[in-house]
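Protein sequences, first through last, are from chains A and B. The first sequence begins at 37 in our numbering and counts up one residue at a time. The second sequence begins at 864 in our numbering and counts up one residue at a time.
Simulated from the structure, these hints should not be mistaken for lab results. The model shown is predicted, which means the values in this text are computed figures rather than measured ones. Be a bit skeptical, because a hint or two may be false.
[What the hints assert, rightly or not] Distance condition first, Cα-Cα at most 20 Å in a straight line; then the derived SDA-like pairs of lysine to any residue:
#1 B:Lys1072 with A:Ser173
#2 B:Lys1307 with A:Val264
#3 B:Lys1139 with A:Val123
#4 A:Lys177 with B:Met1124
#5 B:Lys1307 with A:Thr242
#6 B:Lys1307 with A:Pro163
#7 B:Lys876 with A:Gly278
#8 B:Lys1072 with A:Asp142
#9 B:Lys1307 with A:Ala248
#10 B:Lys1289 with A:Arg265
#11 B:Lys1307 with A:Leu276
#12 B:Lys1139 with A:Asp96
#13 B:Lys1072 with A:Tyr141
#14 B:Lys1307 with A:Arg258
#15 B:Lys1072 with A:Met130
#16 B:Lys1289 with A:Val264
#17 A:Lys177 with B:Lys1307
#18 A:Lys177 with B:Glu1076
#19 A:Lys177 with B:Val1262
#20 B:Lys1064 with A:Met130
[Said to hold, decoys possible] Cβ-Cβ distance ranges computed for the label pairs, FRET-style:
#21 B:Gly931 with A:Ile51: 50 to 56 Å
#22 B:Glu1396 with A:Val467: 48 to 54 Å
#23 B:Asp1192 with A:Asp559: 53 to 59 Å
#24 A:Arg378 with B:Ala1108: 26 to 32 Å
#25 B:Glu1396 with A:Gly621: 29 to 35 Å
Think of the CB as a built atom: it goes at the ideal place given N, C-alpha and C, for glycine as much as any other residue.
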Amino acid sequence: MDDLMVKEHELPQRIDTRLWRRIFGHARPYRGSMIGLAASGIGMAGMDTLMPLITGLVIDSIVDQRGGEEIMTWWLLYLMVIVLTCVIVWCFIMLAGRVSTGVAYDLRTRSFGRLQELSFSWFDTRPQGWILSRLTSDCMKVSSLMPWFMLDLFWGTSFIGGIIIAMFLLNWKLALAVLCIVPLLVGTTLYFQHKILRSSRMMRRTNSLITANFSESISGIRTTKTLVREEENLGEFQELSGDMHDWSLRNSLQSAVYLPMVLSIGSIGVGVALWRGGMDVQAGGLTLGMLIAFMQYAVNFFMPIQELARRFTDLQAAQAAAERVQDLLDTEPAIRDSEEVRELVRLAAINDPDAPEGWDGGDQRIERIEFRDVGFSYVEGEPVLEGFDLDIRAGDSIALVGATGGGKSTIANLLCRFYEPTGGGIFFNGVEYRRRSLHWLRSNLGVVLQVPHLFAGTVRQNIAYGRAGVDAAAVEEAARRVDAHDFITGLEEGYDTEVGEGGSLLSTGQRQLVSLARAVLADPQIFVMDEATSSVDTETEQQIQHGIEAVLQGRISVIIAHRLSTVRNADRILVVDRGRIVERGTHEQLLERQGRYFQLFTRQFATP
Amino acid sequence: MSKDTITFWSLTKGFRRRYAAALGALLVSSLLLYLVPLVPQVVIDGVLDPEQAGRPSVFVRLLVPAMGGAEFLSGALWVPGLVVASLSILAGAFTYLRGRWSAQASEGMVLRLRDRVYDRLQHLPCDYFDGHETGDLVQRCTSDVDTVRMFLANQMVEVGRACLLLLLPIPLMLLIDPWMTLAAVVTIPFITAFSLLFFKKVRSLFRLKDEAEGRMTSAIQENLSGVRVVRAFARQDYEIRQFDARNATHRDLDYQLYALMARFWSISDLMCMLQKAIVLGVGIILLVHGELEIGSFYFFITAVTMFIWPVRQMGRILSDLGRATVAFDRIREILGVPVESMSEPIAHAEPVGSGIVFDGVTFSHRESSPVLHEVCFAVDPGETLAIVGPSGCGKSTIVNLLLRLYDYDTGSIRLGDEELNGIGRKRVRARVAVVLQEPFLFSKTLRENILLASPSAAEHEMHEATAAAEIHDSIQAFEHGYETAVGERGVTLSGGQRQRVALARALLQVPDILVLDDALSAVDTETESLILEALRRRHHRQTTIVIAHRIATLMHADRILVMDQGRIVQHGTHQELVGVEGLYRRLWTIQSPDGKEGDGG
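Just chain B, same shape as in the assembly (with noise of 0.2 Å):
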């Protein structure tokens, strides 16, 4: 896993025999194909005109008396008619082997790359999804995984076909006939080229529909989003013009598109055909000068059929390849990223120490400013610390470094006498339970989702977890309790709500250390001082870290820090905290029921 280079070659493996296999029934199908247009030829020419001006072909010398003799064929014409179906369906039959063994190879190679991805991201730090938007990453695993798919399943071998369709008849064709042979191939490279120039051309087309498409889909979304602000001032007809804006603009450039397609499959089809007329013509001047039998003729219009639109598709075809070669990039990009350390298998459960010391921690975000400057304290086994602070102090930093989401590498962190860095990351996060301010709910039943870190635990423990979180008789008063699905098609559940499952789960998990972090803001006061009353009672007493900016969320804790910029700048009892001037004396203040609300911030 830790090197992971791939390229398009070792992303085959496993599975090039079944490649090799495919190119082979497709050389096998494409020469019973052109062997089917050669029967009538000789048919023609051998059996039914025998007496027509001109040298018998060389297919004629050979497959007529191989059929059986002129004299003995032209009494059973049905020998020839059951040869050219018996070829055609063996030809059928090896056109589904090639697309049976080449399908198995693409899909299995994308069912591995898709695992793989999958695997991967799990496993990358969290700094790389701060610098990565969700949009952006699900594109990748997604769409650019199919835009692969689709070359390795289609293109690679429609690739093989064109090129073996154009490159087969040319002996055959060169047996019967050199001049007739430059006549039936002339004006390829005009079409390659044409097609080449256009798929170049229309993609810069797309991508500006694309924009288009996607600025009146934001537009749409917008609109939900804010239906009821647009209703608040009743600002419809605002928002219909501007609509109707980009509405518009995206019909006109899908129009464009259209006009830009009708030109193309005009223009190559017109030349297309044109190759068919040379074919015709040039052969029409050889037939009336008895240089070219009309078996012959038959013979090269199939052909001219056969690999004229093939190769109309070429450059459709080198376009995907530019497009499949950047999604191909864009995917080993991930594969690319250095995935967190899991060193230590050590087994899960393995309590850690519950005691916490920070000593010294200083921590910046890549080559930022430090967001944790020197920071020192430390929390006994059992003991609750409250953190406060104003937005983007420092307060999640340090939850975030306690569960190793990101790596210290300036001070020290110790749980019990462990030195943080050299505990596994897993047992770590088996043993500390964090809640978030914005918790993470997964599209499955409630009941699974509070399970989810502990699938054995028992109905009356979950039942006990619940609730303590105040979130039982809520999930009760639901339509289908705990069976009762969450997300896009279950029920919505508010923000107070998903506090109380994440803290549910989290409880569950029986931690040794506890961390709520804001994870309280969405609950109404009366319902949260119930969870806290309720965490104070219960048995087993973990570590409590405890994050909010409400006063009443901390002023029951062992101990407060208070945090500003990166630093502790004040620690103590609330009681302590109060009696002396600072920040937390300030938020005090603001805060108070006694109506004594600072002079005006």
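One chain only, chain A, in its complex shape (with noise of 0.2 Å):
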């Protein structure tokens, strides 16, 4: 984890241009704004340009006394550039704009959907924040770069050798003496862009660090005081604003000694063509007109070469964030259907248009499922789960219990495929799984967690998520069952109260129960429930019980269980240490061995 977060504070030394050229891939289907864009470079060069030469033809045909009406005609020709000028400008950004937010919403349909495929195993590992970061500002950056560099790389160089065909045209001589300050630009600009771009990293990354700290406080303001850690805090705080005065002053001074350095430079070209071009126009070898061009070509030079160095800094400074978002995109989900799979599921839609979605036309309903000699471990060589078998037929239930950390989530995790075993296997009315499809299964499987998660929207819709397109009443009908009609109406506006991100709006219990309405909806045939330990008040907790209860009748059900009642009722009782089952029965056969499970069970009441 730690490579993750430094990775994205380094700079990389040299460009990666196998990892761009994949980058600007994502572009292709905008090819012909990319091409328009590399146009406008061209054109708008042109320009910059012909702007100087024909101020100069202005001042020569002055200078010369020839007629008025030439004069207008370099008039109408400036006029004309500049319109031209205008309209490429307004063509290069709406090109841009349609590149840049086209591709956005590509990278972005794309790694979202491969959010969709990619296994728990994948998101363990990543904190929520840094996920989210690969599709908001990173997509961003990447996309808004590929427009302005294709521009700029086109307008850059075809403006330099614009400048510099036009300056030997006029006067090789004077266009060598002047041409002398571009290695002094270069390097100049080169250095100072290098510079700026590190210390604009590094204030960014102290600004984070500033924000986390400042929110870390905010939450964290009760312990803070209760502990009187308000001085401490303060110093603590005091070294990251001191880094971020001095990164920031640090950027600001680069920056105050780059532009006026560079401007002087080009002077120094101006100073260089006044004398020598200056002579030149005493010997007659140069028109005045076009010694006023060639300073101001001097005076231009840097503008091309500080913004090819900007984008060239600019992919330095996203290929951080185009490796990340490639990589994304270049992720295999380590749990999707097989092809085989796949096949059958294509197959069952042809022969049955009117099969349930991503059906593949094997059995629908589930009358055993069989846990095989399973093994599993989240890392290598650290199993959680050892030759564990479990057999369940249709409405079974069947209660997990255990000291935290045994294995009893593991299983309910297989059950659900949110993780494959990497030993032995499971079998649904005697198929492995793994040839079944995940969609199927999942449509069958109603789960409710032990931290309930709503979404954010009405009560109605969350209640509703499971099942596309149920009627109010079903809704209704599916909180009934669970006692949560009551409390629902109870809202101050029913079913169409909004429960706030996360379901923040509601109380745990109240999340809880409507999670339960919902499972009730989607009617699963497997349900699985890891049973919530948090801390609701005793009578809301009793109603919980009776929405499981409600849930769990007719169904096969796998409990992952604190509560008595929930585990009394069930079938069978399997007690889960270490990765395997250390006793098994009903509540009555296990109190009476007055084993692991009348401990675990006493214990709670008893007085020690």
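The two chains are supplied separately, each in an independent frame; assemble them into the complex guided by the hints.
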């Protein structure tokens, strides 16, 4: 994980051309716009080169006292160049907009689609915020860089080329003299661009640390107060804000040096032009107007160099982001339907147009689930389950009990195929579940998690989440079955009450009830529940209990249980410890045995 | 600290001289920048093309002799060349100084502002935080401060620069030719008005786009945090469709923004270049009529190029000014909130009495209905008091009052012989340790988190505390043990683990009073009973208040208070309370292991 974090703030030394070629490949659908951008760049450079020439020509025709008509022609030409320039400006901004917004949209769509397929083991090792910024800031950086890079690459090189050609055509000796400043310009620009890039990165990094510190201080304000940590916290914060001060000062100073410096170098070019060019004018080898054009070119020379350098440092700066975006797109989901299964799904859809979505043509009804010699480890070499066997028949309810970390949740995760066994297999009606489609399995699965998750939206939308297009009556029926109807109608807007992000406007108990109703409405064949131990008061807890019972009726259920009544009503109770079943039986049988279960059970109330 | 209404002017205190210096440097550099094009002008008019029609401008008459006279110059053109280069370099030096001083001033001011906001924030009373969202506060402290910073560092100087660049050449230009001067500034009011209107308009579109982006981001976020639900219900396609709609809306708005930008830049470019064309056109006419020299003509063109682009920026700067004012007001709002009184400076460690008396305490948040009614109870030193009751019954309020996180005004609370309001907040908090239901750990190592309040504790003391909190073994099992980092960049601890770390932190304080505010709810029952036993065995028997839902957690307390709707409805020992009809017995029956499970609630 550390690597992931460090990478964001380090600068790559070289530009990875292979990576960028792939990234620019994402602009293929906008090829026309990209070509348009290149053309705009060249056109713009043409205008920029013409402008000083026209000014010079105007002056010359005045000096030579040629007629007013000719001068007016030059002036009209100048007007045309202006209008053309503005049209080009309009074009390239529109084109850049099309490419940048289009590529961002495509990258986000594809990344989001990929996220829907990736397995949980991938999510486990990456913080949410990290994934989020792949789809937001990284996609934005990459997509907004592309059109401008394209434009400036063509504009910069053609402008430099244009100036050089124009100068050589006018007076090659003077051109050589003025061009002496170019190596100086390039060197200075490269040096400072790199420095400025680095310090602005450090600024951003320190800034994000400051933001993190602020949000931590605010969320932890009670802890700070109760531990009397105000002074120490301020001390730590001042270190950060001091760093921020130093970096942004450094950044400002670098910019403050850079621009005057290139302008001064440019003015050396102007000086040289004035000196040598003036002599040429005296000798009659150069007109006054062309001298003025020369000086203009010398002043402008730094612009394309600066822009080009900036675009290449942009590439450098965005390289890490590009890598991350490309990585995400390249990641193959560890758990997905195999080629054969996908073929089966295709066939099933052709043979039976009314078949449920994603069905693979196998048995619809689940009669039996078997875990055969299942082994599993999250990290290689640290098995969580070994040689695990379990046989579940239709209508069974199984309770898993045992200490935290014993492997209960792993069993549930494997059953849902959130993870796949690393040894042995899980069979549905005798068929290994990796030969059935994921969609079929998940459509028949109801899961209520320890921390119930609701989506921002109304209560109704949340209950209806598991089944598209159900009517209001069905939603209310489901809510009634889990005893949630009364509390919902008691809410300000009943079923249309907004639950807030993650359900935060409801209490934990209410969230549990809504998630139970959601599970009932989905009407799954298998019901998996990771029972909550979270703190709800005893009477709410009892209400939830009734809800759970309503959900379990008549289905295969696997419950990770803490509450007595759930355990008691299960057909079979498995005591899991260190990845193995150490005891199994009904509540009464196990109590009689006075073993591990008895211990666990009486612990809660026994007087030590 | 107490009177803290700051103004923009007071913010600049201590940096005004630097700003003034920056302004001076700006003036010098702008002057020099205009002198640079003057040199070629006088050389052209005075040396290279002296015989052309028209009268020589005042600069030709002044500057040509200054550089050695026309005769000399025509033989030594390197002199004006050198003058151009040196003037630019000098101008560059002053530009640098301007940048340096204004950066020093603005960064210094922002550093002070940041530290001040942070310090203020930490001393605000808790109810301020109840009424404000964390996200909003963080935004004020970070991006609003940054908006002010950008304004101080860039825009403020930029305004000055634009004005100077515009105002300085006007006398110069007037000296050369009044008609040309008029031609050179004629479009400026239009450009300014246009850009001002544009940036006003674009801001509303920006807001729309930001909102669309926010909706798109929250769609991703929701999908990520609900990933298990999405998979479990096989609703990926629905999620993709939903995201796609928001993604597309965002794209369309973003594109609209580009289109608007395209219009602005092309039109304002056109206006700026038209300004140059006007100068060119008028210049040509005057030249043809022999009323202007070529050199002066060159000067006008260069000057227009120099001031026309900053003028275009004015609209943007003015609209930024509006934004900076709003941001500054939002920061000022925080700085204006009164802080918790931290009156007497008594030394930290002095113990407080460990007996607690609540006498007729009634408390309400702001104007709402009271959360505590006439609460009376007493706890003797060393006793354990348990409090139970449904959520929202006022249990946690008792804790908050005890820690002086809120101030009571009706009734009396005494620790030992002292009235709580008379004991310094810091002293109370140093001696009363609390473990919250959702304890907060800082992103530091586990060791640093545990040692937060007692940095000088010895290793063995820390181990004793973690052992009593049943977390020592779990910590040892981590790859880096006590040096394991917590939070985004480190391990994610489970709720139970966090609660136990916080407990160890509290125990290490060796407090006079220990409060467990539903602090073991996420710990499994087996571990919980081990912890409770360890607490009972500790040498230093502090007064303990335990708030919990599980009867098993409470039953061994010396006394139990049962609360409902802000009142104490029952009190006594477990045995006594089970013996009488009431809320406690009802809870006991529901949770009882022998199966008598009420009659269905």
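Hint check:
Of the pairs offered as hints, the one joining lysine 1072 of chain B and serine 173 of chain A holds, with about 15 Å between alpha carbons and a cut-off of 20 Å not exceeded. With a C-alpha separation of about 17 Å, the suggested pairing of lysine 1307 of chain B with valine 264 of chain A holds against the 20 Å cut-off. Taking the CA atoms of lysine 1139 of chain B and valine 123 of chain A, the gap is near 17 Å; set against the 20 Å cutoff, the hint holds. Note on lysine 177 of chain A and methionine 1124 of chain B: the hinted pairing holds, with a Cα-Cα distance of about 19 Å set against a maximum of 20 Å.
A hinted pair counts as satisfied when its Cα atoms are at most 20 Å apart, and lysine 1307 of chain B with threonine 242 of chain A qualifies at roughly 17 Å. Taking the CA atoms of lysine 1307 of chain B and proline 163 of chain A, the gap is about 17 Å. The hint holds against a cut of 20 Å. Between lysine 876 of chain B and glycine 278 of chain A the CA atoms are separated by roughly 19 Å; this keeps the pair inside 20 Å, and the hint holds. For the hint linking lysine 1072 of chain B to aspartate 142 of chain A, the alpha-carbon distance of about 18 Å falls within 20 Å, and the restraint holds.
Taking the CA atoms of lysine 1307 of chain B and alanine 248 of chain A, the gap is about 12 Å. The hint holds against a cut of 20 Å. Taken as a hint, the lysine 1289 of chain B and arginine 265 of chain A pair is honoured in the structure, with Cα atoms around 9 Å apart against an allowance of 20 Å. Distance check on the hinted pair: lysine 1307 of chain B and leucine 276 of chain A sit about 15 Å apart at the alpha-carbon level, within 20 Å; holds. With a C-alpha separation of about 18 Å, the suggested pair lysine 1139 of chain B and aspartate 96 of chain A falls inside the 20 Å cut-off, and the hint holds.
Between lysine 1072 of chain B and tyrosine 141 of chain A the CA atoms are separated by roughly 14 Å; this keeps the pair inside 20 Å, and the hint holds. For a cut-off of 20 Å, the pair hint linking lysine 1307 of chain B to arginine 258 of chain A stands: about 17 Å separates their Cα positions. Proposed proximity of lysine 1072 of chain B and methionine 130 of chain A is supported: the alpha carbons are some 17 Å apart, at most 20 Å. Distance restraint check for lysine 1289 of chain B and valine 264 of chain A: the Cα-Cα separation of roughly 6 Å lies within the 20 Å cut-off, and the hinted pair is therefore satisfied.
Taken as a hint, the lysine 177 of chain A and lysine 1307 of chain B pair is broken in the structure, with Cα atoms around 31 Å apart against an allowance of 20 Å. For a cut-off of 20 Å, the pair hint linking lysine 177 of chain A to glutamate 1076 of chain B stands: about 14 Å separates their Cα positions. For a cut-off of 20 Å, the pair hint linking lysine 177 of chain A to valine 1262 of chain B is broken: about 48 Å separates their Cα positions. Taken as a hint, the lysine 1064 of chain B and methionine 130 of chain A pair is honoured in the structure, with Cα atoms around 18 Å apart against an allowance of 20 Å.
At about 52 Å, the beta-carbon gap between glycine 931 of chain B and isoleucine 51 of chain A stays in the expected band of 50 to 56 Å. Between glutamate 1396 of chain B and valine 467 of chain A the Cβ separation comes to about 51 Å, which falls inside the hinted range of 48 to 54 Å. Remark: the range hint 53 to 59 Å for aspartate 1192 of chain B to aspartate 559 of chain A is upheld by a beta-carbon distance near 54 Å. A hinted range of 26 to 32 Å holds for the C-beta pair arginine 378 of chain A and alanine 1108 of chain B, which are about 27 Å apart.
Checking the proposed 29 to 35 Å range against glutamate 1396 of chain B and glycine 621 of chain A shows it holds: the Cβ atoms sit about 30 Å from each other.
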